[in-house]
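Protein chains: 2
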Amino acid sequence: MKPAVILLSGGIDSTTTLAIALAEGYDAYPLSFDYGQRHQIETQAARRIADSLGAKEHRVATIDLRVFGGSALTDHIDVPKHRSEKEIGHGIPVTYVPARNTVFLAYALAWAEVISAADIFLGVNAIDYSGYPDCRPEFVDAINYAVGLATGEAVVIEAPFSNMDKNEIAALAVRLNVPIGLTWSCYEGDTDPCRKCGACVERSQALSSVKAVA
Amino acid sequence: MKPAVILLSGGIDSTTTLAIALAEGYDAYPLSFDYGQRHQIETQAARRIADSLGAKEHRVATIDLRVFGGSALTDHIDVPKHRSEKEIGHGIPVTYVPARNTVFLAYALAWAEVISAADIFLGVNAIDYSGYPDCRPEFVDAINYAVGLATGEAVVIEAPFSNMDKNEIAALAVRLNVPIGLTWSCYEGDTDPCRKCGACVERSQALSSVKAVA
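Each protein sequence line maps, in turn, to chains A and B.
As numbered in this note's numbering, residues 1 to 214 make up the first sequence, in order.
As numbered in this note's numbering, residues 1001 to 1214 make up the second sequence, in order.
With the rest of the complex left out, here is chain A (with noise of 0.2 angstroms):
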């Protein structure tokens, strides 16, 4: 069995990425962080789908974005309420943490090495990706390049998601029987998902797309 890294949120994406890694055969070892985000339930999100699909071995590493300030979801100032992530202004929405992808793949890399993975599991999407610009797919291509350099190692990023929109990923999430219940995609911290933020109605639109095929 070949080891693999899969980037894990907890949210619908990274669970579905994870999903796609065991079915290829992987052994996965999911890679989750501890950010200095203001809830931690997308840890604990994240903890329960790893054991619920059988990963290898599961990691939560502290970062701490913090220091640098400048992000809605390490801040303390109010997620925007009640209209999608993309509508928020031009350009980079205010949930943007500053180069957090690229720390999380620099991560996700220092495992790799570590376990001499030779894949790295991204969930990012091309087409729905919010304005994050660590989400390209240049980027990506991009950064799998210098990772390759970096490690002297063949490494690869493999980011599924590239051509799909949140709909066809959540219609896949069906078909690998992710178990939906279990993640967690909301940005504001409570019990229950507040169903207003941008997160919560992406996810709301993506799944009833799906009852609606169905």
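Note that these hints are calculated values from the structure, not bench results.
Please note that a few of the clues may not be correct.
To be verified - Cut-off 25 angstroms, straight-line C-alpha distance, at most; resulting in silico cross-link-like pairs (DMTMM-like, lysine to aspartate or glutamate): (1) A:LYS211 to A:GLU138; (2) B:LYS1056 to A:ASP64; (3) A:LYS56 to B:ASP1064.
Stated by the list, open to error - Some chain B residues judged to face chain A by a derived CB distance under 7 angstroms, without partners named: (4) GLU1057; (5) ILE1063; (6) ARG1066; (7) ALA1099; (8) THR1102; (9) VAL1103; (10) LEU1109; (11) ALA1110; (12) VAL1114; (13) ALA1118; (14) PHE1139; (15) ALA1146.
The structure displayed is predicted, hence computed values, not measured ones.
Every residue gets a Cβ at the ideal spot worked out from N, C-alpha and C, and that includes glycine.
Once you've looked at the hints, dock chain B against the given chain A.
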């Protein structure tokens, strides 16, 4: 004044890099890391250097690469003595921390984005890179390109020592009046340098070469 992030370990190379950034007229934002190394002496040295040279703002980001293990600098295994890093085994030295520079650069990128810095200074040297794969100029070029895509802004990684060896860097440090007494190179964590580890031996050779020329 243009802001720049400077990766500052507290050794001669990164301190000289900070001096270069200041000499070029940048507002300097040095960034150091507490990454589970076995001693805090490095970050203390970095703080003193940042103060002494007149940095605008110094940050120490706490990151925990121990979560993955895999290196003498973060694990509890002995650091080899009496020999240069390059002589140990074939290829990558045991003091290599997996993907360390990649992680450091990702953090630098995060801070650069928050303070709108278009430049990140990195004190790696190409000729004498001691076998760390993520110090190679090909890596710096590739990550440079990825970094530009990650933020949607043009961020450039400056590696002024790409073509310098340790002796040339030491000579430049002296020319720029770098406070060499404040720097720390030793891999061991005592109050005085061990004078035996690879880093101590290289430091001593480089400083001797400057005296020999002078």
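Quiz item: Looking at the structure, which of the earlier hints fail to hold?
Solution: When the structure is compared with the hints, numbers 1, 4, 6, 13 turn out to be violated.
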